Every structure is written in structure tokens, then in C-alpha cells.
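Asks: The listed protein sequences correspond, in order, to chains A and B.
For the first sequence, position 166 (counting from the first letter as 1) is numbered 285 according to this note's numbering, and the numbering increases by one without interruption.
For the second sequence, position 23 (counting from the first letter as 1) is numbered 9 according to this note's numbering, and the numbering increases by one without interruption.
Bear in mind the hints are in silico, worked out from the structure with no lab data behind them.
Source: prediction; values computed, not measured.
Beta carbons are placed, not taken as given, at the ideal position from N, Cα and C, and that holds for glycine.
Just to be clear, a hint being listed does not mean it is correct.
[Said to hold, decoys possible] Stretch-level coverage of chain A by chain B, calculated; a stretch enters the list once three of its residues show a Cβ under 8 Å from a Cβ in chain B:
{"hint": "1", "region": "146 to 158"}
{"hint": "2", "region": "186 to 194"}
{"hint": "3", "region": "202 to 213"}
{"hint": "4", "region": "271 to 283"}
{"hint": "5", "region": "288 to 300"}
[What the hints assert, rightly or not] Cβ-to-Cβ under 7 Å is the rule here; a few derived chain B residues that face chain A:
{"hint": "6", "residue": "L25"}
{"hint": "7", "residue": "V27"}
{"hint": "8", "residue": "E55"}
{"hint": "9", "residue": "V61"}
{"hint": "10", "residue": "V121"}
{"hint": "11", "residue": "A125"}
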Amino acid sequence: MDADGTAQGDAALVALAREGCGGGFEELVRRHQTRAHTLAVRMLGDRHEAADVVQEAFVKAWTGLPRFDDRAAFSTWLYRIVVRESIDQQRRRARRPLPVEQDVERPATDRTDALVEQRVREDAVRRAVRALPEDQRAALVLTAFLDLEHAEAAEVLETTPDAVRGRAARARRALMREMGEWA
Amino acid sequence: MSEHDPAAGGSAGGGPGADVAPDLDRDTQPCGTPTDALLDVASGEPAPPDLADHAGTCVHCRAVLSRAEELWEPVRQMARQEEPPPPDLVASVMAAVRRLGREPLHLVLPDERGTTRVGAAVIARIAEEAARRAVGVAAVLARDTRAELVDEPAGGAPGGAGAVGVADRLVVVALAVVTDLSRPIPAVADDVRARVARELVGLTGRGGAQVDIYVHDVVVA
């Protein structure tokens, strides 16, 4: 189904859910769970935290349905909740010390196995993304990882497309320089 | 790229940046090209025509582009991967939604000096009293809507938390009304809505109240 078709289907499901139809809301969860989870994983760099954040985001979407503005796409609104929840989660985590096992080893010179190398690079990307300022990280994740247009990402972040473009560019440059440190 | 120094650029003899060590930390390359512009291109942004023309022949730019594309590749790979959610996510969300329907709701009234919480039963009682004063209403009870909201068998009694919903600044109250046929039902409903909304906003200071009405029965005098 194309994006327009999905949006129209979402609108019908939102209307059902607003009437109190749990089945309608469940279908919305099914449709959007993978993208929402991908967004949270990229924002947080941690799958366990991401699963909790996505569950909380969907519950907030359910309780917030009366406030949902029909002019927006359900996905845009949901992504906004996921981004906010992810930032809140990271702020909570920042107040706790990082567990030792989450520390990523720098690649050792004698480790030549391709899978190990790839895993180390992915960990480095995750860590570098997580270290970005919140506004840059959100702009980067939405545009580079979820492949949203600047205008759509701007709607999610309640800002302008130019602001998203600038934040994403700063994030990409910072990320690349950080990756250069690891390589 | 007006900043380019043609003398510093020039054609590369070997492969991309074969004899030039790329330096991503400097603001501009020796040819005058801003490094950030090259990093943008390496990460997939469209290159301005003048930069594309220049970078095609400049050893410094080609070296930076080559290195930056290499660094960006893990990000590109990660962008192609979706992160499958846990298999029980849908069930967990719906279970949480159902639990929500059973938990006591309250209206939160924040204040600089503390927080006041008004229980759902109190809101339901205020709404019932206000609705009862409307002409044409013979009886009224706050109506439990939890069963409809979560697709579960009805289990709650009228007047409980299921009759009241709170979302940010909006309070939603569901009322079951018995009319006495002295007025048209729409007029009774309008009167009930106006009275309940006025009373709730007046007593709680909240910005809005939505009143859903179910006309349950009529009494004939």
C-alpha cells in the first residue's frame, strides 16, 4: 500500500479507536510498530529500552487520541511521541552510571574477522549517534534512518524544514568525524 | 566554488586522493573547499554543480570524499536495516491499554504550591448533580464506558472511573439519562451538556469538558 493509502487507512482506524474500538487501535499498533521501534532503537542505541519506550508511546497515543489533530498523519504524531519518550528515557539514563558491559571495545589490531569488524562499526555508530545533542540526533534519525523528507521530519519535531536540514547536516558531520576517530 | 584555489587543486594522477592524506578536521581543504560541504556530499546530499565539477578533478576533495564515504558506509548499512519489535509488543500494548481502563483516574490540577488530584468518582458526581438540574431530566447516572473502550465484557458499575476520561486539559464524562418527555431530547441533551461543562470548568478550572449522553429511558407522567 502506498503512503497515501496507508494514511487514509490510518485515518479510518483512528476514527474507530476514538469511538472506543480496541481492535482499531490494535491494528494501528500492528501497522506502525516496526517503524516506531526502529526510531526508538536509533534514538537510544538500546533495544531493551526502545521496546519499553515504544510500548509507553503507544499507550500515550491511546490516551491522547482525543487530542489528536486529524489534519496530521497518525505516523507523524506517533513519531513525535516516540522521539519525546526516547529523549526522556535518555535523560533518565544519564542520571544513572552506564553499565560496564555496554562499553564498546575499540577494534583490536589482531581482530580481522569481518563480522567482528562490522559489529564493532555498528556499535561505534550507535554510540556516536547517542552522543549527539538531542535536537541533532532526532533530525538525523528521522531523515537518515527513517528516510523522512525534511518537511515531514519538521512536522514531527514541530520546527521548520530548514531547521531540520541544518541540524541533520551538523549531526552528519559530527558523526563522520567521530567515526573517523574509531576507524 | 569561488573559494577554490586552482593552484592547490588540479588533476589527480592516480586513484582518488592517491597521494593526499585526507584531513576531515580542518575547516577548509587546501583548494579552498569547505570540508563540511564535502561531508554533506559523502553522506548523500546532492552536490552543488560547481562543487561537483571541482571535486571531480581535485585530489584534495577526492581524497576527503573517498574517506568520508568509507566512514559513512556503516551508517548507510544501518539505515537499510529495520529493527523488528519484540514479538509480544502488540499484546503488551493492548494489555496496558486494558489495565488503564481498570485503573482509577483522577484529574490533576497542578499548582506552584502543590498538586491537587480530583478523583473520577468526584467528577462523575459533580456531573450527575449538574445534569439532574436540567429541565427534562428525570434521572441521571454517570455511565461506565470501560467495556466499550477496551473491547472487554462489562464489569464496572455506573459512577466509577469508567464514566470519566481525562486527557490533558480535556475532561470527558459519559452520562446515562432518563428524560421525562417534557422537552425534545436534543434540547435536553444540549442543556445537560452546557450545565455539566459549566459546572466542571467552574469547579476544577480545567479548559474544557466533553459530555457524552446516552438516553437510557423515558418516563411518562
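Asks: Provide an ascending list of the numbers of those earlier hints which the structure does not satisfy.
Replies: Violated hints: 2, 3, 4, 7, 8, 10, 11; rest satisfied.
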